[in-house]
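Residue numbers (numbering that gives the first Met the number 0), protein chains in the order written: chain B, 0 to 353; chain G, 0 to 353; chain A, 0 to 353.
Don't take each hint at face value.
No copy is singled out in the list; a pair is fine if it fits within one copy or between any two copies.
Unchecked claim - In silico BS3-like pairs for lysine-lysine, Cα to Cα no more than 27 angstroms straight-line:
{"hint": "1", "residue 1": "Lys302", "residue 2": "Lys285"}
{"hint": "2", "residue 1": "Lys198", "residue 2": "Lys285"}
{"hint": "3", "residue 1": "Lys302", "residue 2": "Lys332"}
{"hint": "4", "residue 1": "Lys317", "residue 2": "Lys300"}
FYI, nobody ran anything at the bench for these hints, they're computed from the structure.
Just so we're clear, the structure is a prediction, and the values are computed from it rather than from any experiment.
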Amino acid sequence: MTFGLAELAARVGGEVVGDGGLRLTGVAALDDATPEQVSFFSNRKYRVAFQASRAGAVVVEPGEDVPAGRTVVRVANAYLAFAKIATLFHPPPEALPEIAPGAEIHPTARVHPGAQVMPLASVGAGAEVGARTILFPGVHVGPEARVGEDCILYSNVVIRERCRLGNRVILQPGVVIGADGFGFAFDPEGEGQGPRHYKFPQVGIVVVEDDVEIGANTCVDRATTDSTRIGDGTKLDNLVQIGHNVNIGRHCIIVAQVGVAGSTELEDYVTLGGQAGIAGHLRLEKGAVVAAQSGVSRGVKSKEVVSGYPAIAHGAWKRVSVLVQRLPQLFQKTRELEDRVEALERQSAHEEVR
Amino acid sequence: MTFGLAELAARVGGEVVGDGGLRLTGVAALDDATPEQVSFFSNRKYRVAFQASRAGAVVVEPGEDVPAGRTVVRVANAYLAFAKIATLFHPPPEALPEIAPGAEIHPTARVHPGAQVMPLASVGAGAEVGARTILFPGVHVGPEARVGEDCILYSNVVIRERCRLGNRVILQPGVVIGADGFGFAFDPEGEGQGPRHYKFPQVGIVVVEDDVEIGANTCVDRATTDSTRIGDGTKLDNLVQIGHNVNIGRHCIIVAQVGVAGSTELEDYVTLGGQAGIAGHLRLEKGAVVAAQSGVSRGVKSKEVVSGYPAIAHGAWKRVSVLVQRLPQLFQKTRELEDRVEALERQSAHEEVR
Amino acid sequence: MTFGLAELAARVGGEVVGDGGLRLTGVAALDDATPEQVSFFSNRKYRVAFQASRAGAVVVEPGEDVPAGRTVVRVANAYLAFAKIATLFHPPPEALPEIAPGAEIHPTARVHPGAQVMPLASVGAGAEVGARTILFPGVHVGPEARVGEDCILYSNVVIRERCRLGNRVILQPGVVIGADGFGFAFDPEGEGQGPRHYKFPQVGIVVVEDDVEIGANTCVDRATTDSTRIGDGTKLDNLVQIGHNVNIGRHCIIVAQVGVAGSTELEDYVTLGGQAGIAGHLRLEKGAVVAAQSGVSRGVKSKEVVSGYPAIAHGAWKRVSVLVQRLPQLFQKTRELEDRVEALERQSAHEEVR
């Protein structure tokens with residue numbers, strides 16, 4: 000697939016400065032791009048790469064200073080425009096309507112004739128799979144589960160019974176939707192066998208709304224009795240843990256290895272940095288931001304940015320973490336002050352006497 | 000399935016206050032429950048929800064204040080009783096004895112005729128699967144492995160060769176039992192090819208005892224030469240890492256994303272909070288508790304509660320983490336003290352002179 | 000398989016002190032070894048176990064003090080020699096050349112006749128699998144992917160389209176190679192539907208070089224446009240997250256649950272401790288070491304050892320973490336100093352007056 004530069008610019012509402020007649024074959028980073036490829040520049044850090052790049056054309060923002068002879072597409076949001084151009088060259092995979100012979104579809108399942116089920120995938124009793132959805136080898140959709148239209152479920156995704164996915168949902172390999180939440184009642188007698196944990200049956204479901212993407216090997220637990228929810232357009236990275244009864248709003252960003260404990264609520268547009276941990280039964284309000292590796296044990300206000308463990312306001316945390324590193328000097332200074340005060344006290348006693 | 004309230008109360012040793020003749024169809028949270036459902040109240044935080052709930056009946060503890068007209072079941076351990084009632088409505092899945100045509104059972108494997116092996120699951124050479132155990136699609140039981148009775152292995156669980164599961168074990172989707180432990184000997188010569196890591200063969204096994212539950216995508220590594228062990232009744236949440244040669248006692252609770260490094264021992268009833276990390280070759284004594292996200296690099300005494308990184312006694316850590324946040328004031332105060340001492344010193348020098 | 004002790008010693012360049020004619024059947028830890036087994040001693044902590052061990056022979060280093068009557072193999076690097084002896088008793092699994100009837104091989108895939116593909120594994124269109132490589136049940140190799148020679152891919156490993164593995168690569172169960180990187184452009188208009196995240200297509204690949212081992216359920220994301228790379232001989236533990244465009248050098252060690260964010264570069268021989276997090280776009284130079292649970296947000300110099308969050312030089316971090324625990328005393332001392340200074344000031348004012 001090739002595109003003319005003028006067409007690409009038009010598709011993203013940009014303006015060509017230079018040779019609009021160029022034919023392009025793909026996208027690449029500034030360092031790697033060939034004269035047949037489009038690249039992208041917005042981070043000043045990469046100015047040298049921008050100047051040296053062999054790219055046929057580069058997407059830049061309107062104010063950008065451009066070397067003579069360099070063909071660019073000027074557009075307001077360069078990275079977004081570049082993403083759209085990349086999508087033109089690399090459209091998402093399309094379903095080839097077929098149920099492969101090696102797939103296992105329960106006779107009571109309803110797989111849309113426009114869906115594609117690859118070999119070694121299975122769809123359980125009473126489950127539904129929508130039009131143009133692709134199930135890769137090793138995907139298992141449990142009984143009475145529902146997968147919407149235009150979804151991509153990569154290899155070894157598991158959707159347990161009764162869980163529901165909206166449309167245009169992308170699940171990377173190994174995602175687990177609807178494992179039992181971690182809920183046990185402590186039983187001090189254990190029916191005569193000693194103290195132990197009694198499993199609370201987890202009979203709710205997971206609801207994944209439209210346009211959600213979930214990263215490899217991430218787990219979203221089913222609710223105890225109602226639903227764990229991932230709202231429209233939210234993106235989860237790899238190896239994330241979402242506990243039972245968690246309610247995640249729309250268009251949130253949750254980076255790899257984050258854990259969100261049970262019953263916590265994230266309103267819309269919340270961002271959680273990598274490896275952050277959020278305790279249970281909290282509310283993170285709209286647009287709250289949690290820095291990577293933080294441990295959040297209280298609610299976070301709208302647009303508040305928090306860091307650290309326990310997480311506090313990001314500005315306060317930054318000040319404190321600089322000061323912590325100056326503790327050796329502070330201890331030293333305090334020792335010196337003690338000596339000086341003692342000297343003064345001695346002298347003062349002496350004067351008293353005198 | 001429906002139950003009369005009197006019967007439910009009898010099953011959990013509780014007492015009905017109100018209409019014992021009610022017929023109930025299920026359980027739900029206070030907010031969601033209908034007049035045909037049982038709910039549960041013990042956390043004072045939810046008193047308003049308790050008063051407003053439409054639930055037909057609510058399980059409460061003996062001392063609880065109950066609004067007039069509200070039917071309740073009074074019982075000593077309300078949450079445990081509610082869990083037992085929920086289990087009556089939602090009994091665990093039962094095996095439908097069958098080896099599905101799409102399953103792959105090695106001719107030398109011994110699958111009990113009362114077990115259920117679903118399509119696309121496999122059982123390797125010489126492996127055993129006990130009565131009433133269910134293997135979901137995509138489960139792979141390796142050669143010479145042994146799975147006990149009444150187990151549930153959800154989709155895409157992997158049991159590697161020779162590992163052993165007891166009875167009533169529940170493995171959520173994607174659990175890996177018996178991957179090689181992470182053991183390498185540094186080889187400074189690398190047989191002439193330069194320094195590199197030489198793999199130490201991991202030839203031990205994993206032993207998972209009775210009544211253990213393990214969460215989605217959790218990994219328990221096989222021992223180097225003997226066994227990694229998960230004791231009776233212990234519950235592991237999702238995405239947990241258990242290193243080789245780790246020995247976990249009975250009835251422990253290990254929350255999501257915890258990592259336990261090699262050869263560490265947890266005695267019975269140990270609790271590890273989410274994302275905690277435990278270094279190798281340590282002993283955590285009976286009933287030890289590690290707070291979420293802590294990093295433990297020394298042994299923990301029986302019933303001791305530790306927090307932080309490095310983890311210290313929880314009370315000390317709480318005091319310290321408050322003080323850390325007051326460091327800006329402490330630095331400020333120390334600067335002021337310096338000024339004041341300097342002023343005193345100047346004055347004192349002046350007086351000396353005088 | 001049994002070996003004479005003299006032969007074992009010869010194979011590792013060691014010297015028998017004692018009975019070289021012993022026949023041995025395997026390896027074990029000091030505590031568990033029988034008179035037919037070889038064991039190993041180098042950590043002084045285990046001297047009592049060494050003395051008490053029933054092992055037929057023990058591998059020790061040249062300077063070691065050995066009790067009378069104990070047969071040993073003396074060799075320069077005892078642990079490495081023991082690892083090599085263990086490998087003699089437990090050679091890695093060997094491919095039994097066969098494509099199992101229950102495997103799904105695309106007609107255009109090229110599987111070497113010396114490879115073994117087990118039931119319920121699949122190889123996609125145009126993919127290649129090299130000689131003596133083993134694909135366990137549930138492995139899915141995507142279209143145009145390439146797996147080298149002598150590899151072992153355990154159950155439920157997923158290799159997505161076009162990714163490439165070198166020779167002698169070992170992937171533990173559930174590894175995901177080539178999931179989409181986590182890349183989204185924020186779209187403030189969302190084509191009239193409100194602010195949302197626009198997926199940047201991830202069209203690069205992952206390149207895993209020779210002799211790499213990757214732990215269970217670890218994820219290595221494909222690059223945005225070029226390659227994510229894992230260099231020769233590098234070892235990754237379980238549940239690790241490697242972001243898109245990361246470039247990892249040769250012979251690195253990355254312990255369980257580490258996360259490395261996008262575009263970061265690790266030079267050769269870097270070590271990352273368990274649960275450490277490395278921010279994106281950083282460079283960790285040759286031989287850098289990051290302690291467990293640290294959070295690295297700046298580059299790390301060659302052979303530098305860093306700890307903490309944010310990570311600083313390990314020595315500084317150790318001093319600081321001791322001082323943090325003494326904060327209650329420091330606050331107390333500062334309060335006392337204030338009182339003493341105030342007393343001196345009062346006295347001094349009094350003297351002035353006098």
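Results of checking the hints against the structure:
When the C-alpha separation of lysine 302 and lysine 285 is checked against a cutoff of 27 angstroms, the pair qualifies only within one copy, where the shortest distance is 6 angstroms, while the shortest distance between copies is 39 angstroms. For a Cα distance limit of 27 angstroms, the shortest separation of lysine 198 from lysine 285 across copies, 22 angstroms, qualifies, whereas the shortest one inside one copy, 34 angstroms, does not. In this homomeric assembly, lysine 302 and lysine 332 never come within 27 angstroms of each other (Cα to Cα): the closest approach is 39 angstroms inside a single copy and 32 angstroms across copies. Taking identical chains as interchangeable, the C-alpha atoms of lysine 317 and lysine 300 lie at most 27 angstroms apart whether they share a chain (19 angstroms) or sit on different chains (23 angstroms).
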